[in-house]
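Peer 1: Spelled out, the chains give:
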Amino acid sequence: MSKSISHLEKLLGRVQKPGRYTGGEFNQVVKDWSKVKTKIALAFPDIYDIGSSNLGLAILYDEINRRNDSLAERVYCPWIDMEKAMRESKFSLYSLESKRSVIDFDILGISIPYELLYTNVINMLDLSGMPILAKDRYGQYPFVIAGGNSTFNPEPMAEFIDIFVVGDGEEIIHSIIDRYQWWKKSNRPKNYFYDILLDLDGIYIPSLYYETVGPCGQFLELKPKYSSAPFPIKRHLIRQLPNPPTHFIVPNISTVHSRITIEIMRGCTRGCRFCQSGMINRPIRERKVNEIIGSIKESLANTGYEELTLLSLSSSDYTQLVNLIEAIKLEFCDSQFDISLPSLRIDSFSVEITKRLKGIRHGSFTFAPEAATDNLRNRINKPISSQQLLDIAYDIFSNQWTTIKLYFMIGFPEEGEKELESIVNLCHQILSIGKQTVGNRAKVHVSVNTFIPKAHTPFQWLPLEDNNSIKLKQDYLRKRLRSPNIKLNMSDYRLTYLEALLSRGDRKLASVIKSAWEKGAKFDAWGDQYNHAAWMNAIEQSGIDVTKYIFQEIDPFIPLPWDHISTGVEKEYLIREFDNSLKGKLTTDCRNVCHACGIQKSYGIECNSLRY
Amino acid sequence: MHRVRIIYQKYGWLRFTGTLDVQKIWERTCRRAKLPLAYSQGFHPQARIQQACPLPLGYKSSTEIVDIWFIKKILIKQIYTALIPALPDGIHINSIKSIKLDAPALQSLIQSAEYRIHLNNPNLVSLNQKIKALKNENFIEFYKKGKILNLRNFLEDIYLIESINKSEHQIFLRLKNIPGLTGRPEDILSFLEIPLEEAIIERTNLIFNSREN
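Quick mapping for you: the protein sequence lines, in order, are chains A and B. Going by my numbering, the letters in the first sequence line up with residues 1 to 612, in that order. Going by my numbering, the letters in the second sequence line up with residues 1 to 213, in that order.
Incorrect hints may have been included.
Stated by the list, open to error - The list that follows gives simulated cross-link-like pairs (lysine to any residue, SDA-like), each with its CA atoms no further than 20 Å apart:
| hint | chain 1 | residue 1 | chain 2 | residue 2 |
| --- | --- | --- | --- | --- |
| 1 | A | K355 | B | H44 |
| 2 | A | K355 | B | K72 |
| 3 | B | K166 | A | S348 |
| 4 | A | K99 | B | Y11 |
| 5 | A | K135 | A | T246 |
| 6 | B | K24 | A | G217 |
| 7 | A | K84 | A | E9 |
| 8 | B | K72 | B | G58 |
| 9 | B | K24 | A | H257 |
| 10 | A | K418 | A | R478 |
| 11 | A | K297 | B | E27 |
| 12 | A | K90 | B | D89 |
| 13 | B | K97 | B | E193 |
| 14 | B | K34 | A | A534 |
| 15 | A | K583 | A | V438 |
| 16 | A | K10 | B | E197 |
| 17 | B | K34 | A | E9 |
| 18 | A | K10 | B | F43 |
| 19 | B | K24 | A | S53 |
| 20 | A | K10 | B | N121 |
| 21 | A | K297 | B | K145 |
| 22 | A | K548 | A | G217 |
| 23 | A | K31 | B | D89 |
| 24 | A | K519 | A | K548 |
| 25 | A | K297 | B | A82 |
| 26 | A | K435 | A | K418 |
| 27 | A | K90 | B | E198 |
| 28 | A | K10 | B | R116 |
Derived from the structure by calculation, the hints contain no laboratory data.
Using the sequences plus the hints, can you model the full thing?
Peer 2: Set out below in structure tokens:
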């Protein structure tokens, strides 16, 4: 049943920014429900303003709606005021296109890119009128399927989700729909649908596995209940990126990003040892220049957007970057639009490229050196000399840019005052170059994040640095980076702690997440909404010693809660890289020399053949 | 340079999109239509699009007006044909005409605005009494931007349009447009003790003063 429209209109009269909840944007796809076999709600667990630009969901929306037998509609998390209005009048969560209840769909697909969205996921299930635990959802409820980077350690959310899809989603979504339709026709029980999914790479159905625990309740290992359940679960990998979506939905209200996003390549070969994205998205798969140009052209015509971003994990590494930029200049020289090229390496090439792209503009330039000493840079495998950075800074300021943004990380092992002092010195040196070049207009924006040892990286065995020592380091930086021309941003340790816990946890954490949500935790990633008391109470009441997940250095030879997810990169490689880090030994970009991470062997591919 | 004036309807879900966002919608619609929008000079060029008095969030309208500048002369028919497939749901073009480049700004031309307030099942007897009372009052104070104002100064006309068969009735309103300090239909509704969420407000006419050309 579609919702009572007049009822919804009344609710919208009471909330801020009602345009978040109306749909009706240019390029939305509305299909006739009676003519389509499979209906999928695609959800992003944050508000419309943030979720509407998510590329992952835009890809799936496009893939599904291209099929005549299926439809996809969008669902976002309502903001606090709308949630209140909805709960008060028992108005359940609905899709923007047809205004139908989420429970009327066959499948609810949720993208969960990061861990701080977990309570929102649960909140959305509840607002839909579904039991939040998978085991309680027998009967007519839609299958709840989750994807996105956070699913590379799915365990903390295992009790809430029916099916995880780990890895690239654009191909497997079709296999899932085909099998769903076959299952539905067969009139067999729910479990049968699970059975026929199991031969697909990337499918992880948590109810088919169980966790064994030791005498102190500690995680021992995860085992399949049946021999038919795959072990380990291989992430889904596509060898060639399909054509990118070009019919982006154009919001009727202002959102955080409203622009064309074209992914120029997926994956990264740099091998920074802290970086999860670099490990779980191997190998590099590039798009061809003419395909990108064609997609930009189509997208501009379809959206009227005035901004374009060329997305990848490391733009400078796109093989045909110069040709791409030249082609863009040639094709679009008269169009009024801005192009951004994020994730550039720190070298003069990046400055040159950006200059060519924009002409001279007074915007800002962003780099992520992460560390400021050679020793630490070698250990995290992100080498770049400080002198080079200073030269580039001079180059940037001389070309009339006035702001340089720098990203650093603190909390690496053996990081002492020397490392911090180097960060401080580097920032001041860059600022003084700026002042000499553009005077007092020179600005340096410094973001300092706390390192979180993430699953599937060579640093996964490391502990998170404790609150006290991070606080000392942050205080030190705050004191030493005081200047009207320096803007300093540092991450809130409480959120770092929570993210570390949720990204390194096992199944037992479900009770903590559930209880925190019951106590009112939601929108955890929004600093001002984060409910610390709810989380701390939930942790305390669970009786779980969470410090073990966060602060304990782990022996590389004991099983980890996410070991059943295979990224294609082998554990031996991660251990080797961990050792190299201890020795301060660099590992070069693997496009020149293969370091046998395992991806070629796991998938029977040749990395070099996927680049152009 | 070519300046055109578009009169359009705004309806459906789009009534929950505010004036600033509508500005963006027109810009993107023109870009999709491949019409050569004129932009202002400077570091942050803005499309030259000018709306008449802003329509409050939640209102629908049967006569919105926008002026748009293009860098060259284009046939009106061509503009119309290009715009139609590029428009989002909720905008319907009533008319397009060319306007002199030096014509005064739209905002300064609007003398008053007419509204219809759609009500579901109101108490007609008491509503009639209240409307009568409103007409008879000489001074009705309300606060706007820290000032005490007389609502009666803004109110040019008000009457009830009763429908015979349906339960939906309408109030007709004409309010004077004083930029920055315009009395709004909400202010009248609050005097009539009608909760805002019980009403759907539609702007039905923008009345130009004599300076229009």
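Peer 1: For every hint, state whether the structure bears it out.
Peer 2: Hint check:
1. Between the alpha carbons of K355 (chain A) and H44 (chain B) the distance comes to roughly 18 Å, so the proposed pair stays at or under 20 Å and holds.
2. Of the supplied pair hints, the one linking K355 (chain A) and K72 (chain B) is violated, its CA atoms being roughly 31 Å apart against a limit of 20 Å.
3. For the hint linking K166 (chain B) to S348 (chain A), the alpha-carbon distance of about 73 Å lies beyond 20 Å, and the restraint is violated.
4. Restraint check: the Cα-Cα separation between K99 (chain A) and Y11 (chain B) comes to about 17 Å, which is no more than 20 Å; the hinted pair holds.
5. As the CA atoms of K135 (chain A) and T246 (chain A) are separated by approximately 39 Å, the hinted pair breaks the 20 Å bound.
6. Only pairs whose Cα atoms come within 20 Å are accepted, and K24 (chain B) paired with G217 (chain A) is rejected, the gap being roughly 57 Å.
7. Annotation: proposed proximity of K84 (chain A) to E9 (chain A) holds, straight-line Cα distance about 15 Å (limit 20 Å).
8. For the hint pairing K72 (chain B) with G58 (chain B), the CA-to-CA distance comes to about 35 Å; that exceeds 20 Å, so the pair is violated.
9. The hinted pair formed by K24 (chain B) and H257 (chain A) meets the criterion: a straight-line CA distance of about 14 Å does not exceed 20 Å.
10. Distance restraint check for K418 (chain A) and R478 (chain A): the Cα-Cα separation of roughly 16 Å lies within the 20 Å cut-off, and the hinted pair is therefore satisfied.
11. Of the pairs offered as hints, the one joining K297 (chain A) and E27 (chain B) holds, with about 18 Å between alpha carbons and a cut-off of 20 Å not exceeded.
12. For the hint linking K90 (chain A) to D89 (chain B), the alpha-carbon distance of about 28 Å lies beyond 20 Å, and the restraint is violated.
13. For the hint pairing K97 (chain B) with E193 (chain B), the CA-to-CA distance comes to about 41 Å; that exceeds 20 Å, so the pair is violated.
14. Annotation: proposed proximity of K34 (chain B) to A534 (chain A) is violated, straight-line Cα distance about 53 Å (limit 20 Å).
15. For the proposed pair K583 (chain A) and V438 (chain A), the alpha carbon gap of about 41 Å is over 20 Å, so the pair is violated.
16. Our distance criterion of 20 Å between C-alpha atoms is met by K10 (chain A) and E197 (chain B), whose separation comes to about 6 Å.
17. The suggested pairing of K34 (chain B) with E9 (chain A) is violated, with an alpha-carbon distance near 34 Å, which exceeds 20 Å.
18. Among the hinted pairs, K10 (chain A) with F43 (chain B) is inconsistent with the structure: their alpha-carbon atoms are about 42 Å apart, more than 20 Å.
19. With a C-alpha separation of about 17 Å, the suggested pair K24 (chain B) and S53 (chain A) falls inside the 20 Å cut-off, and the hint holds.
20. Straight-line distance between C-alpha atoms of K10 (chain A) and N121 (chain B) comes to about 15 Å, which keeps the hinted pair within the 20 Å bound.
21. For the hint linking K297 (chain A) to K145 (chain B), the alpha-carbon distance of about 47 Å lies beyond 20 Å, and the restraint is violated.
22. Restraint check for K548 (chain A) and G217 (chain A): satisfied, since their Cα atoms lie roughly 11 Å apart, inside the 20 Å limit.
23. For a cut-off of 20 Å, the pair hint linking K31 (chain A) to D89 (chain B) stands: about 15 Å separates their Cα positions.
24. Annotation: proposed proximity of K519 (chain A) to K548 (chain A) is violated, straight-line Cα distance about 24 Å (limit 20 Å).
25. For the proposed pair K297 (chain A) and A82 (chain B), the alpha carbon gap of about 18 Å is at most 20 Å, so the pair holds.
26. A C-alpha spacing of about 25 Å is found between K435 (chain A) and K418 (chain A), which places the hinted pair above 20 Å, so the restraint is violated.
27. For a cut-off of 20 Å, the pair hint linking K90 (chain A) to E198 (chain B) stands: about 19 Å separates their Cα positions.
28. Between K10 (chain A) and R116 (chain B) the CA atoms are separated by roughly 18 Å; this keeps the pair inside 20 Å, and the hint holds.
In summary, the numbered hints that this structure violates are 2, 3, 5, 6, 8, 12, 13, 14, 15, 17, 18, 21, 24, 26.
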